[in-house]
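Those protein sequences? They're chains U and E, same order as listed.
When the letters of the first sequence are read in order and numbered with the working numbering, they come out as residues 1 to 319.
When the letters of the second sequence are read in order and numbered with the working numbering, they come out as residues 1 to 434.
Hints should not be assumed to be uniformly reliable.
[To be verified] With a straight-line cut-off of 16 Å between C-alpha atoms, the simulated EDC-like cross-links for lysine to aspartate or glutamate are:
1. K36(E) / E15(E)
2. K285(U) / E78(E)
3. K182(U) / E224(U)
4. K182(U) / E210(U)
5. K36(E) / E218(U)
6. K316(E) / D302(E)
7. K290(U) / D50(U)
8. K285(U) / D43(U)
9. K285(U) / E402(E)
[Unchecked claim] Computed footprint of chain E on chain U; a stretch qualifies when at least three of its residues, placed anywhere within it, have a C-beta under 8 Å from a C-beta of chain E:
10. 97–106
11. 282–292
12. 296–303
13. 306–318
[Said to hold, decoys possible] If you want the footprint, here are the derived chain E segments under chain U, 3+ residues with CB under 8 Å:
14. 231–244
15. 259–269
Treat the hints as calculated values from the structure; they're not laboratory data.
We treat Cβ as the ideally placed atom computed from N, Cα and C, and that holds for glycine.
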Amino acid sequence: MRKGLIFGLAALAAAAGATVAAPGTARAAGEGIPLPSFEWSFDGIFGTYDRASVQRGLQVYRAVCAGCHSMDYIAFRNLAELGYSEDEIKAMAAEAIVIDGPNDEGEMFERAGLPFDYFPAPFPNDRAAAFANGGALPPDLSLMAKARANGPNYLLALMGHGYEDQVSDETLQQIFALETEKRQTQYEANLENYETMLEVYEERVEAGEEATRPTPPEEPQPVESIEDLGLSEGLSFNAYFPGYGIAMAMPLFDDGVEYADGTPATVEQMATDVANFLMWTAEPKLEDRKGMGIKVILFLLVFTGILYAAKRKVWADVH
Amino acid sequence: MSGFQTNNTVIKWIEHRLPIFSFLDHSVGSGYPSPKNLSYFWNFGSLAGITLVIMIVTGVLMAMQYTAHVDHAFESVERIMRDVNYGWLLRYVHMNGAHFFFIVVYIHIFRGLYYGSYKAPRELLWMLGVVILLLMMATAFMGYVLPWGQMSFWGAKVITNLFSAIPFFGDGIVVWLWGGFSVDNPTLNRFFALHYLLPFVIVGVVILHIWALHRFGSNNPIGIDTKGPQDTIPFHPYYTVKDAFGLGAFLVVFSAVVFYLPNYMGHADNYIPANPLSTPAHIVPEWYFLPFYAILRAITFDIGIPFTGVVIIEAKLGGVIAMFGAIAVLFVLPWLDRSPVRSGRFRPIFRLFFVLLAIDVVLLGFAGAKPAEGLWLLIAQVSTAYYFLHFLVVLPLLSVFETPKPLPTSISEPVLKGGGGAMAGAPAKPMEKA
Ligand code: HEM
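Build out the structure end to end from the sequences listed, making use of the hints.
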């Protein structure tokens, strides 16, 4: 009886789901290779942050990334959520030099950082940051894990699996095949374009008009190496960065930091830790949220069950 | 007002001076008779109303912390997420509430389309609904600009630029909308003012909408009028408890998204602060605008007098007209579908076309998410054509050529399952004019 309406709405619902999923997958589908999927402690209904890993990630950030990237939305006091003691936080804050003021004499002055200060930025402004990095601006990292589709997986892939020294041969071959195909399609489009232009040219010549002969497009060479990708000067290859050329040289090297907890600092380890840390900086309330969600949904399920029983009871005499 | 009885002296005292209790009783109480056969599709009206309240409550609370300035908007939203007590909850509820508002209202609208709820005597009720839809779209669009992320900024730019397609006055109108020569601080400020205002305008129109509803009561899945008390049950307790159960079920799904997938329906780029100098790779509106966005971009050709090269409507303007036309046809729908039978249950051919329309809108949605080129452009164009064909040609023709199944005589005595047979009830007859 109601099939028509139900079918129509089912189609609508499917569309809603699929179109919503589309933007997220667009990058993987249209512009590059698919991202690998890693396991994260914060995934799932009971997900929580792996404190030790996030702390190590903080260490990597402070030792490596903070030289170029700011972290505007995190204050030293926030580190209490990661399990640092008040004294540890004070000590970390004190390492920063903060410009404060004006004082009673109207002068700005420098002082050691205090827990309520935000993480200091490495450059006074965006222009200075870009200038120091060959024209490319290192973006603020506070929200990075939410500002890229599939954030944590993307960050780990970018830092730990994407650079020339790290990338697997299989991934490389995938990229080469993809690029070869892309160039071939582009070439075919150009060729078609060229043929129409050639016709126009020949017509003009026949009519005695002045015309320049169009040049045929060059046949594309298959992409067989990273050099064949033709990345601009100063860019490093990265399999997961859109366009494959990133203005950030590989930032992580084995033993680039010495972990306070003694964990061996492999690139993979550091990349995982920094991705965990960046997820925390982007979504510091994740644990509160997931914890509250369980309670809310359990309550609602029981409450809705009671309402359903009430509904059945009230409606029992309606035929 | 008759019917409302009480022995409570306080209530009597108030009721005598301000008859609010009998008013409530007639609106959502035992004094409001409703058809006894309403299905769960009739839950979505009250769900829409409750979602509107949720949006207003969370919105007002966030407005106390939000700063409508291009230099501070993004940051102030992050402060709400991080430093305001339960600010993350407020924001995620408001953000996802908008998505669910549209899901609920779209189901509500398709319910109306299928059961012919737009037909006499409910034309004005339907048209007020379309006004609500338009207001919702304007509100959602301007709300999306407020966090001042990349998609906020570029979405605002693309959509406001549409108005430049209007002949002669277009560019002037755009500057007037912006309050300057680009999307900038004045734009953000006025969008905030309007985003705060419009939901209360919606409340006003919803009151009119419900007022009109109560004039003749709800339509129902069979689509025939109630013939007397045997066909109705009092709104309270029957539909109050049913709506409450529906609300519970809705909140379970809503909470699952708010607490476990809060950013699933959003776009990652909106966590990047707005940057007028860097255009995102793909500017995609929120999903609930996609079908309309597809229609907008489907018109890629100028419309003019054939063979003369005279252009009457440029492609850009044509797209804008088509997009607004897609909603305008809904306004006149009661006069396009002249079939005397309301419910799609008794209209076998209409039902097929209804399913086609639903698929068509879905296709438009997909096309809206893709770059307007190649196959997807073609799909968008065919779907746009069918959308208008459905309302402007198919429905008027069906009203003439379709033979509806026999209607039951009344709600309380629905005739033989399947509707056929010698004993079938009264033949379809035009409904009374009101
Ligand atoms: C804020 C948005 C809206 C609210 C709060 C709202 C609220 C309601 C409520 C409470 C009802 C009565 C219960 C029901 O039948 O579900 C109703 C009925 C109705 N609404 Fe809406 N509505 C909204 C938007 C719309 C829109 C956008 C349309 C159509 C374009 C629409 C068309 C109708 C029609 C035709 C009815 C009568 C349905 C019937 O009795 O069959 N409404 N609305």
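Hints, verified against the model:
Straight-line distance between C-alpha atoms of K36(E) and E15(E) comes to about 29 Å, which puts the hinted pair past the 16 Å bound. A C-alpha spacing of about 12 Å is found between K285(U) and E78(E), which places the hinted pair at or below 16 Å, so the restraint holds. Between K182(U) and E224(U) the alpha-carbon distance is near 14 Å, which keeps this suggested pair within the 16 Å criterion. At roughly 35 Å between alpha-carbon atoms, K182(U) and E210(U) are farther apart than 16 Å, so this suggested pair is violated.
For the hint pairing K36(E) with E218(U), the CA-to-CA distance comes to about 74 Å; that exceeds 16 Å, so the pair is violated. With a CA separation close to 8 Å, the supplied pair K316(E) and D302(E) stays within the 16 Å bound. As the CA atoms of K290(U) and D50(U) are separated by approximately 15 Å, the hinted pair is consistent with the 16 Å bound. With a C-alpha separation of about 14 Å, the suggested pair K285(U) and D43(U) falls inside the 16 Å cut-off, and the hint holds.
The suggested pairing of K285(U) with E402(E) is violated, with an alpha-carbon distance near 58 Å, which exceeds 16 Å. Requiring three or more residues with a Cβ within less than 8 Å of a Cβ of chain E, the coverage given for the segment 97–106 of chain U is violated, as only 0 such residues are present. Given as covered by chain E, the segment 282–292 of chain U passes the check, having 7 residues with a CB less than 8 Å from a CB of that chain where 3 are the minimum. Taking a C-beta to C-beta cut-off of 8 Å, the segment 296–303 of chain U contributes 5 residues in contact with chain E, enough for the three needed, and the coverage statement holds.
Evaluation of the coverage hint for the segment 306–318 of chain U: fulfilled, as 7 residues show C-beta separations to chain E shorter than 8 Å, against a requirement of three. Figure legend: the segment 231–244 of chain E, annotated as covered by chain U; annotation consistent (6 residues with Cβ-Cβ distances under 8 Å, at least 3 required). Here the segment 259–269 of chain E counts 9 residues with a CB under 8 Å from a CB of chain U, which clears the bar of 3, and the coverage holds.
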